[in-house]
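Protein chains: 2
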Amino acid sequence: MDENKQRSEEMEDQENVEQEEVIDHPEQEVVEETNPASNEVEQLRQEKDETYQRLLRLQADYDNFRRRSQKERENDLKYKSQDLVEELLPIVDNFERALQTDVQDDSAKSFVEGMNMVYRQLKDALNKQGVEEIPAVGEEFDPNMHQAVMQVDDENYGSNVVVEELQKGYKLKDRVIRPSMVKVNQ
Amino acid sequence: MDENKQRSEEMEDQENVEQEEVIDHPEQEVVEETNPASNEVEQLRQEKDETYQRLLRLQADYDNFRRRSQKERENDLKYKSQDLVEELLPIVDNFERALQTDVQDDSAKSFVEGMNMVYRQLKDALNKQGVEEIPAVGEEFDPNMHQAVMQVDDENYGSNVVVEELQKGYKLKDRVIRPSMVKVNQ
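Here the protein sequences come in this chain order: A and B.
Letter 60 of the first sequence, counting from 1, is numbered 60 in UniProt numbering, and no numbers are missing.
Letter 175 of the second sequence, counting from 1, is numbered 175 in UniProt numbering, and no numbers are missing.
Note that these hints are calculated values from the structure, not bench results.
One should not assume that every hint holds.
Which copy? The list can't say, so a pair holds if one copy fits it or any two copies do.
Only pairs whose alpha carbons sit at most 25 Å apart, straight line, appear in this in silico BS3-like list of lysine-lysine [to be verified]:
| id | residue 1 | residue 2 |
| --- | --- | --- |
| 1 | Lys78 | Lys168 |
| 2 | Lys168 | Lys183 |
| 3 | Lys183 | Lys71 |
| 4 | Lys109 | Lys183 |
Just so we're clear, the structure is a prediction, and the values are computed from it rather than from any experiment.
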């Protein structure tokens, strides 16, 4: 920004100089029309100035482009796992639902334990990418993070508070990638 | 590229013009030293040329920067899921190992089915991101894709052919992100 400002000041200075010259020697204007050397000076000055203007514009374009691509790249990197995370969320849902199954048999115990371990590893991998569950039950209803699918009247909770979570919501860093589906108290 | 070429041709043209002038009017050189108007012309011409050179250099820098950031961005996007995929591969290994467990009990059957479904969904999500298993058994040993941990002597396979896979290998698009661990025939 400072560079740009400096350049535009330089530009103004240059313009001022040219204006002053015209004001200080108004008689020259007539002379110049018949003097080929002065005409050449005028033309060169104009060409030089035009080239300088092109340089300033290009520098401003370049600066803008650099800032924009820096910004885009940071954004790309910050949310780079979003695609795959979105694919994994329904898998996590199904995993959780399946793990609710009541398995009584002892012979299946090690299998169930194995699956619980795989589930925890999957959640850890997601956490490591910045995926977090959105807090719901007991929280004040927030339309940016919660999707209300039902209103209830429950004395145990305050007004506008989430009473029940029907589907977990998730954030990737500061971005809500799936709001929680909830019941809200009136 | 063509733009650059055009610009450097323009530059050469300009230089040629200046040289020709000097050759066509050699007597002017002496005159110019004492003529302030000619001195001014010379100085302006030089300044204009310098500005033009700066413009050319800036344009070339800008073009390079644009090409480089385009390339970097494509690469970022192509392999963006690599981090998370690398975290998921050991989970897939554990999942497969756990699914090998022999569960006889009928009451656990729906649980096992549920887990098989979750496993298939996980694999599908990975495939969708461009993750593929590296073919191993029966393939010619390829040091770029296979890591030989043992050599065997097996008449049923040709020489330098993979005989057994100890751990699955995976590619993300054209990039090997984990080579297969294999036994190779002598």
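How the hints compare with the structure:
no. : hint            : result
1   : Lys78 / Lys168  : within (22 Å within a copy, 30 Å between copies)
2   : Lys168 / Lys183 : within (12 Å within a copy, 45 Å between copies)
3   : Lys183 / Lys71  : neither (38 Å within a copy, 47 Å between copies)
4   : Lys109 / Lys183 : neither (35 Å within a copy, 34 Å between copies)
This entry does not satisfy hints 3, 4, going by the numbered hints stated previously.
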